[in-house]
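Below, each chain spelled out in residue letters.
Number of protein chains: 2
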Amino acid sequence: RSTGSTGTMASGSAEQRALQYEQTLMYGRYTQDLGTFAKDEAARLRLQQEQGDGDAPRRRRLSELLEHSQERCAPCCGRSKRCQRFFIAKVGEDWVFLILLGLVMALVSWAMDFAIASCLQAQKWMYGGLDTNVVLQYLAWVIYPTVLITFSAGITQILAPQAVGSGIPEMKTILRGVVLKEYLTFKTFVAKVFGLTCALGSGMPLGKEGPFVHIASMCAALLSRSLSFFGGIYENEARNTEMLAAACAVGVGCCFAAPIGGVLFSIEVTSTFFAVRNYWRGFFAATFSAFIFRVLAVWIKDEETITALFKTRFRLDFPFDLQELPAFAFIGIACGFGGALFVYLNRKIVKFMRRQKTINNFLMKKRLLFPALVTVLITSLTFPAGLGQFMAGQLTQKETLVLLFDNRTWSKLEPGDEFEYMGILEAWHNPRSNVFVTLVVFILMKFWMSALATTIPVPCGAFMPVFVIGAAFGRLVGETMAVWFPDGIHNDSNTYRILPGAYAVVGAAALSGAVTHTVSTAVIVFELTGQISHILPVMIAVILANAVAQSLQPSLYDSIIRIKKLPYLPELGWGHNEKYNVLVEDIMVRDVPYVSLNCKYRALKRILQSTKMKTLALVESAESMILLGSIERAQVGALLGQHLHPQRRLQALQHKAQAMADDERRFSEASVCIQVSTEGSSFAPASSGSRKPLKPALKRVPSIPTDGHQAGASDGSGIALKSLFCANTSAEPPEAQGPAPRKAKHVRISITEDLDLGDRMTPAEILEWEEQQLEQPVDFSGAQIDPAPFQLVERTSLHKTHTIFSLLGLDHAYVTSLGRLVGMVSLKELRKAIEGSLTAKGVKVLPPLASFRRSSTSAGEMDTTDLRQLWDRHQHHLLPREACLEDGDAS
Amino acid sequence: RSTGSTGTMASGSAEQRALQYEQTLMYGRYTQDLGTFAKDEAARLRLQQEQGDGDAPRRRRLSELLEHSQERCAPCCGRSKRCQRFFIAKVGEDWVFLILLGLVMALVSWAMDFAIASCLQAQKWMYGGLDTNVVLQYLAWVIYPTVLITFSAGITQILAPQAVGSGIPEMKTILRGVVLKEYLTFKTFVAKVFGLTCALGSGMPLGKEGPFVHIASMCAALLSRSLSFFGGIYENEARNTEMLAAACAVGVGCCFAAPIGGVLFSIEVTSTFFAVRNYWRGFFAATFSAFIFRVLAVWIKDEETITALFKTRFRLDFPFDLQELPAFAFIGIACGFGGALFVYLNRKIVKFMRRQKTINNFLMKKRLLFPALVTVLITSLTFPAGLGQFMAGQLTQKETLVLLFDNRTWSKLEPGDEFEYMGILEAWHNPRSNVFVTLVVFILMKFWMSALATTIPVPCGAFMPVFVIGAAFGRLVGETMAVWFPDGIHNDSNTYRILPGAYAVVGAAALSGAVTHTVSTAVIVFELTGQISHILPVMIAVILANAVAQSLQPSLYDSIIRIKKLPYLPELGWGHNEKYNVLVEDIMVRDVPYVSLNCKYRALKRILQSTKMKTLALVESAESMILLGSIERAQVGALLGQHLHPQRRLQALQHKAQAMADDERRFSEASVCIQVSTEGSSFAPASSGSRKPLKPALKRVPSIPTDGHQAGASDGSGIALKSLFCANTSAEPPEAQGPAPRKAKHVRISITEDLDLGDRMTPAEILEWEEQQLEQPVDFSGAQIDPAPFQLVERTSLHKTHTIFSLLGLDHAYVTSLGRLVGMVSLKELRKAIEGSLTAKGVKVLPPLASFRRSSTSAGEMDTTDLRQLWDRHQHHLLPREACLEDGDAS
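Those sequence lines, one after another, are chains A and B.
Heads up, the first sequence is in the working numbering, so the first residue is 56 and it goes up one at a time.
Heads up, the second sequence is in the working numbering, so the first residue is 56 and it goes up one at a time.
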């Protein structure tokens, strides 16, 4: 009962590793044979004409359905079976699955946290134990993380290279409907969990949020696969996608114990259109997961009850003064620039590493060297006895965050108070510098370190490091404010001092929001700190940071998507007003490769040679151009290959020999025989063509090479074989994705056998036979055809097209007009149009926002339009597209 | 440049008032004439054949575009114009619009709050001033609200009946793509604002949340309309829909000063699929609005700084014990049942009022009597000196809520403490009863009062009353717990007492979540109380409440949608596993009314008589059944009417007379002339049919009635006119939605004039002429055709169909197979299939969840299937659909 909704496959190769993905089309596609369909349809129509009111097909459907249910019900008849069914029905419930997922993820998260804490503890212990010798101390400080990072890089390299990095970009792509290979397997799960634990245990500025989204998704996929023993519902693809969306929420939720923020963050970073019916799933699973995650801490007596992870204790009665809002807004805007800079820096580092061929080649050979070198560099700089003392180097990420959210004003700590906090605040209150210097050095150093560290090939996220940097920046602003206004700004009766901790919270939310282009980091900080009293400053800062960052750079995840060359559709940004005025007809490709229903095999061959499209349009005829459906390139190749198959040639040979022999006996019956054969299977020879004299059946071709490709090059059968194999390697039929290479080999072998057995024609004869065959009309029975590809009209706006493409996860859509095919739009054209290389008006569509630039462009538009109009009257042969492109290049 | 995306129109009449809405199809539709199109297409193909590589159409497109831009650019040439353009570009920015919207809504919200507070103050003042005489007190207590409610009902009745009720159901429908008439006009805005102020000022248990969503949407629509003077972007429908979504968030956000909760709540209650790109819009506008709303309170010195509306002061260090969680879960489950009961009660009251014909007729005549009676009843019961003393009757909703969230434990107030709180807690601590009795009476009485009060025809919501009841229930449970465990549950060193106020918060979130089927009420309470420390109890309770309520009843808004018979698509609920197995072919209508491109006018007439469908499929021919597009019923009617138009008849008459006269002179040229005329306009006579002798041109029909309908009954021209007018009244062409009746009259008059002028044929002759005309092939030029209606395949699952319908806001979709039309699915079939009247397997698809019931059904399914199979072999003529329906009725 597979409706075969997975589709074409492409191989997009990034430089570091080759990604293979298959495009899954959400939109209706099924794989009924055309031949079967035609027969059914004919039968149906006949019945309908006989009976008048068309209840016959319904009856037929019903009986089919009943047969189907009987088939499934037959084995389970007894009482025990009924119990089993009850159990299966229960297991099939969404909530059972979600509880299981939440439970598993909470345990994973807790266990990992425990392991990471142990690793960090060990490092501290080593560092503390060796305090007699600075050199030993330094070696312990540097070597321990280097070993861990190298191990992490090694294990991911060996087990599953897909486990590298954050995982959110991949999940975004997967939820868009693209199937990334090996991304949701058990091996990747193991590699990611262990790799992440080691990477975070090293104390490097890396995060666990992104990887947790990936881990939760893998967990959901594995759970779904293992539960599919119980019921068919787990095999449903649509359901699995919905569960993956919930899993993303669980990932964030159990990482931060932030269920609401988790759901919202996962929606923002992974979806373009979000189904509200998935909403409760996310909340349910994330809440359960966060609950278990926090309950575990209570059970092992770590904490007395469930509270926030980074609990703050700001005063509730007067959280902030209205006159502090400009400072919060400043934090937002500065964090917006900072976030954009971080994304830019991160991308530049990746690109720099790739561009340096010599370094790159060396590093590619010794894959573990780059992570080790980076680790040595970063740990050396943070060595607490060295430079580290000016940047609170000895603190772990968690300790840093707890201190940054601290309720006290560091710059105003009295010597009397100091001894109380000496132990923990020592790191910031270095005797050789002051709080401000430490904070500035911390921010600057951690900024580039985090950008660098997130590029090393281990499982790691960037959210947490960015969050810490943001908090430090906020604290810096807060401390400055506290010095500036020692008694608070408010000049009424009461004195409310400024809370630098609150500034740190605002900064953390703003910078992480700017880097990820999300607003929900605001909710995450509320849940992390357990206080929502600063909601307005946080929201204002986050929104401003987003506005600035979105107008300058893509989000970190989109940046990684582009770096990894994953298939994507850019978002319509803050200001996308032009998109309403660009129409599909301005961006569509008019020269669509098509196959017509009445075409000859030669046309198939020509189309396969002339285009590289993975999907071809099927039209009624070249004159009417009425779109009937679409057919995959592989299917066309297979049709051609089947028709020119050596076995068929052999059969034709035998058939002709027999026909020759029988010819004298019953010459008059030949035409009847032919009529039957054309209605039969596709392997039956359609010998109604020219009648040629029979060749001696014993003649052998000298030697057939075993390699199909070489055979294709040497003799005439290659035309068919080549197209067959090309199709096989470039795009698999949807059913056989796993063991693709094996299958191709198998085919090759069987062909060789056939060749050995019966090929008794000379190459010239084969060529002649094939030329004959190519003149026959195509028999489309046996081909899988998508009977309702997505259609748009010419005047659909770019905005609407983007909506439909992202809603339905389309890869391409045909542009039709009254059933006639007039063009085609694929992701590529859409991407180009959105990213600004071409538009209808000859004006470059700008990257999101930059509204100041836009106003000047729209003012200049008029002139260029007038100019172009004049110019265009001279050069009527230029296409609008090309003209636009030239225009875009010139400006 | 209107792409004409608004479409068919239907008139769904609820009992209380007639709703007229137009279906807006999001999916591609444009209104190019078929004739123009065919000509263009032919020209294009010819050019393409001449030039080989098809760059001609592109050139044509470009020149079109350039003409278009010149047209727009022509008037603005100078420098001042450039400045104007810059200004317009700025005004066209999303953020300008959102800030304006947020500002206006904050001011509206604040002003309304002020007015409501004044009204309530006035009532208190009156009540307090008259405390010497109980009768006068009672009269003041009752009459004042009654006058206000009557005024509110009156103003809405007179100005805009659309302002009645919550507005969220209507907004949900509008955001689905249905255009409800008069719902977003200035009149409705005024009626809603004043009506709501009066209704809430009366002190009745009504809420302002739902109406605020509606008010914000109207505000956005009006703002958009008034800003459309500045730039064309405001005329874009897709953008306006996005802005409406943001407006809903603003509505909730500025009502509760809860930006995050507002965004989430508005997403949950209005959307099925949510575009993440709208997310920042909602956040931006809601945050700004909430900010201004709260800043206003600071500026007028009401408050010292911005804090939460209902600030709580629960302890942060130990918010709750793990062992209290069962109590929170109990609140959740109980609130789930309570929420379902509330929705049920509300619906029953509405239905009861409608069913009582005698009461109903009386009330319909005196529309203001029902609100007045309800108000008198409710205020009498809450009279503080009477029954009201047992239910805290003298408190306003806001005071009640503040007290319910109070930090102290009421049941443990010592006599010594009491005097401090005597003033405010007096209401609950009645000397004649105790806290528990008061709470129980409060909950029970307010429950039915709120359900009743929300049915009266004034602008009102149910969120706030439900929220208060939930808080009271939570407080009741909390107080009970406090009595049960006087020293807290925790038996470690510290004593942490139970906080009944926290239970109240949990209860409020749970009950309002259950009634509205939302999870985001959790976020709203965090923002309202300014504390997030109880996140886990709140989330657990809300999720459990949702699970219970969703399995029992639709949400309040969906319930109202059904009561009002608005076009809707039910949600796929918690457990919708069956939906994956039902396919489109099981639910589609196979007998689709269609028009074929080569049909005769008689076929058009037949199809108009035989079906009531608003949209007809256009196929290539009845044999091929290839779907070319869809055509509206009105268009078909217009085609037929035009063809049989009296003026055309007259022209034919004149033409024939002339032809007759010329016949002798140039008989040989006649065939050429005919050829020309068929290519001309549709009004030109196509006289290639039978040639009849010319009638005497002076003969007059005795008397033509002026009423077109009567004329249709009496003479033969009625066939055409009737179909024309039927079409005109049942479905308007998309352009003329406003002045529809006027236009119809105009047409009628002009026809009458024509009849008077030139109809000189006898009825019999007219009939004969029309019969002739009906035999001619249809000329589709001039008809508006949707060239790409949405298509599905037979094997699309119900789940996917639901997704696509709700994603694209479809009204119907054609089921095609290789271009051939095989069926059609409309909202009706889909709704039926989802709501459980028919499925593929003969098992009723259950209403969402009720998982315990389902397991028994699936166990019984096998038996019934076997039975049905046997039974079905006997009764082969029964359709599966009917069989299922019978099955459903029997079980």
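One thing to keep in mind: the hints can contain errors.
The list makes no distinction among identical chains, and a pair is therefore deemed to hold if it is satisfied within one copy or across any two copies.
[Unchecked claim] SDA-like mimics (lysine to any residue), calculated; alpha carbons at most 20 Å apart, straight line:
# : residue 1 : residue 2
1 : Lys669    : Thr201
2 : Lys366    : Leu377
3 : Lys356    : Thr550
4 : Lys356    : Leu380
5 : Lys136    : Leu282
Read the hints as simulated data drawn from the structure, not as lab findings.
Fair warning: this is a prediction, and the values are worked out from it, not measured in the lab.
Against the structure, the hints come out as follows:
{"no.": "1", "hint": "Lys669 x Thr201", "result": "neither (46 Å within a copy, 71 Å between copies)"}
{"no.": "2", "hint": "Lys366 x Leu377", "result": "between (24 Å within a copy, 18 Å between copies)"}
{"no.": "3", "hint": "Lys356 x Thr550", "result": "between (39 Å within a copy, 17 Å between copies)"}
{"no.": "4", "hint": "Lys356 x Leu380", "result": "between (40 Å within a copy, 18 Å between copies)"}
{"no.": "5", "hint": "Lys136 x Leu282", "result": "within (18 Å within a copy, 67 Å between copies)"}
The structure fails to meet hint 1 from the earlier list, while all remaining hints are met.
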